[in-house]
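Go ahead and model the full structure; you've got the sequences and the hints to work with.
In the order they appear, the protein sequences are chains Z and V. Per my numbering, the first sequence starts with residue 2, numbered consecutively. Per my numbering, the second sequence starts with residue 2, numbered consecutively.
By construction, these hints were calculated from the structure, which means they are not laboratory data. It should be emphasised that the depicted structure is a prediction, and the values quoted were computed from it without experimental measurement. Possibly wrong hints are sitting among the right ones.
Identical chains blur together in the list; that is why a pair holds if it fits in one copy or across any two.
[What the hints assert, rightly or not] Computed list of lysine to any residue pairs in SDA-like fashion (alpha-carbon distance at most 20 Å, straight line):
{"#": "1", "residue 1": "K117", "residue 2": "L146"}
{"#": "2", "residue 1": "K68", "residue 2": "D39"}
{"#": "3", "residue 1": "K68", "residue 2": "S36"}
{"#": "4", "residue 1": "K60", "residue 2": "S36"}
Protein chains: 2
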Amino acid sequence: MALYSESVGALIEKFSSLPGVGRKSAQRVAFHLLSLSDEEVRSFAETMIRAKETLCYCKVCQNMSDKEICDICSDPNRDRSVICVVEDPRDVISIERSMEFRGRYHVLHGVISPSKGIKPDDLKLRELVSRIDGDIKEVIVATNLTVEGETTAMYIAKLLRPLGVEVTRIAHGLPVGGDIIYADEITLAKALAGRTRIG
Amino acid sequence: MALYSESVGALIEKFSSLPGVGRKSAQRVAFHLLSLSDEEVRSFAETMIRAKETLCYCKVCQNMSDKEICDICSDPNRDRSVICVVEDPRDVISIERSMEFRGRYHVLHGVISPSKGIKPDDLKLRELVSRIDGDIKEVIVATNLTVEGETTAMYIAKLLRPLGVEVTRIAHGLPVGGDIIYADEITLAKALAGRTRIG
Numbered sequence: 002m003a004l005y006s007e008s009v010g011a012l013i014e015k016f017s018s019l020p021g022v023g024r025k026s027a028q029r030v031a032f033h034l035l036s037l038s039d040e041e042v043r044s045f046a047e048t049m050i051r052a053k054e055t056l057c058y059c060k061v062c063q064n065m066s067d068k069e070i071c072d073i074c075s076d077p078n079r080d081r082s083v084i085c086v087v088e089d090p091r092d093v094i095s096i097e098r099s100m101e102f103r104g105r106y107h108v109l110h111g112v113i114s115p116s117k118g119i120k121p122d123d124l125k126l127r128e129l130v131s132r133i134d135g136d137i138k139e140v141i142v143a144t145n146l147t148v149e150g151e152t153t154a155m156y157i158a159k160l161l162r163p164l165g166v167e168v169t170r171i172a173h174g175l176p177v178g179g180d181i182i183y184a185d186e187i188t189l190a191k192a193l194a195g196r197t198r199i200g
Numbered sequence: 002m003a004l005y006s007e008s009v010g011a012l013i014e015k016f017s018s019l020p021g022v023g024r025k026s027a028q029r030v031a032f033h034l035l036s037l038s039d040e041e042v043r044s045f046a047e048t049m050i051r052a053k054e055t056l057c058y059c060k061v062c063q064n065m066s067d068k069e070i071c072d073i074c075s076d077p078n079r080d081r082s083v084i085c086v087v088e089d090p091r092d093v094i095s096i097e098r099s100m101e102f103r104g105r106y107h108v109l110h111g112v113i114s115p116s117k118g119i120k121p122d123d124l125k126l127r128e129l130v131s132r133i134d135g136d137i138k139e140v141i142v143a144t145n146l147t148v149e150g151e152t153t154a155m156y157i158a159k160l161l162r163p164l165g166v167e168v169t170r171i172a173h174g175l176p177v178g179g180d181i182i183y184a185d186e187i188t189l190a191k192a193l194a195g196r197t198r199i200g
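Written out as structure tokens, the structure is:
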């Protein structure tokens, strides 16, 4: 005998399919949702559909936006000579929060991954190349420190260097507050290799 | 400048409002949802609305159901002489999983809480009283071990004893695998008070 009705089971299933949501959390969230008023549930569902419907990609940087050209790309105060290349729209949010970067972005929407069958053509690389003109001085590749991220960074370097633009990679090393004892060996190796002179 | 569009922000807001979902998880979940196809997003939203629309309460036990009388109440193999009273529909699921109880349930949908303004009349107590007839031998009160849960248990005992039904309380004590060193004092006190003879 089912412990809940088919429609409640289906709802729990949906929540379970979200990243980082286990069976138990999905159940809690579903039951919470069902305890809300009809209007609140409808509003949640409509917010979902509307967010998806209004979603489009910035023609310049390929980031998620609800405009043809996103707020960052159309901001006259951003440095137009630097492009920071990232894998995912969430990376843009993280880097923006660091308040360290004043250039513009380019979102690849993935990384090259032979094992997952993701080829260079599946990424927004053509769009990146088309942005390189005399005004662009530097492209910072901020893909993650994974085999795929590194492969993609190398690929971009080979692709863009002939166009006369400087291609750099963000630094990898010990996180601030990180403890050497607990650092993994790849991070430590990167931290050593990337050492800078002091004093 | 907003880091995401208004409609994406609204979606993250909605997910943040769910229990146990922090800001960061809400963002991850929202971005994951937006990466799905239009059909998948629509199906998620519709599942939500349908679960809420088809939801009703079992006329007998007041548990969430999609039928007038739920599967447990209509099951002829369940013991009709015992009712287990719980606060919440999720408690039914947990107890069912323990495979220890073969009677029927009664869901109060809350506990008496003067601080939150929840009075006995706000709970499904009238419905509980109306179920007590000659066939009911025992009512097990399985509310949580909180001030409110205990108050509610006492209230139910006073309410039902005059009707000639035995009212019992589930045992509280050390959880299986629990370590005395780490047990809180209330659990320990309950474990001691509830000790049973061995050997």
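Quick rundown of the hints versus the structure:
Proximity of K117 to L146 under the C-alpha cut-off of 20 Å is restricted to the intra-copy arrangement: shortest distance 17 Å within a copy versus 50 Å between copies. Only between protomers do K68 and D39 lie at most 20 Å apart by alpha-carbon distance; the minimum there is 18 Å, versus 32 Å within a single protomer. When the C-alpha separation of K68 and S36 is checked against a cutoff of 20 Å, the pair qualifies only between copies, where the shortest distance is 17 Å, while the shortest distance within a copy is 36 Å. In the homo-oligomer, the alpha carbons of K60 and S36 lie at most 20 Å apart only across protomers (18 Å), although the nearest pairing inside one protomer, at 42 Å, exceeds that limit.
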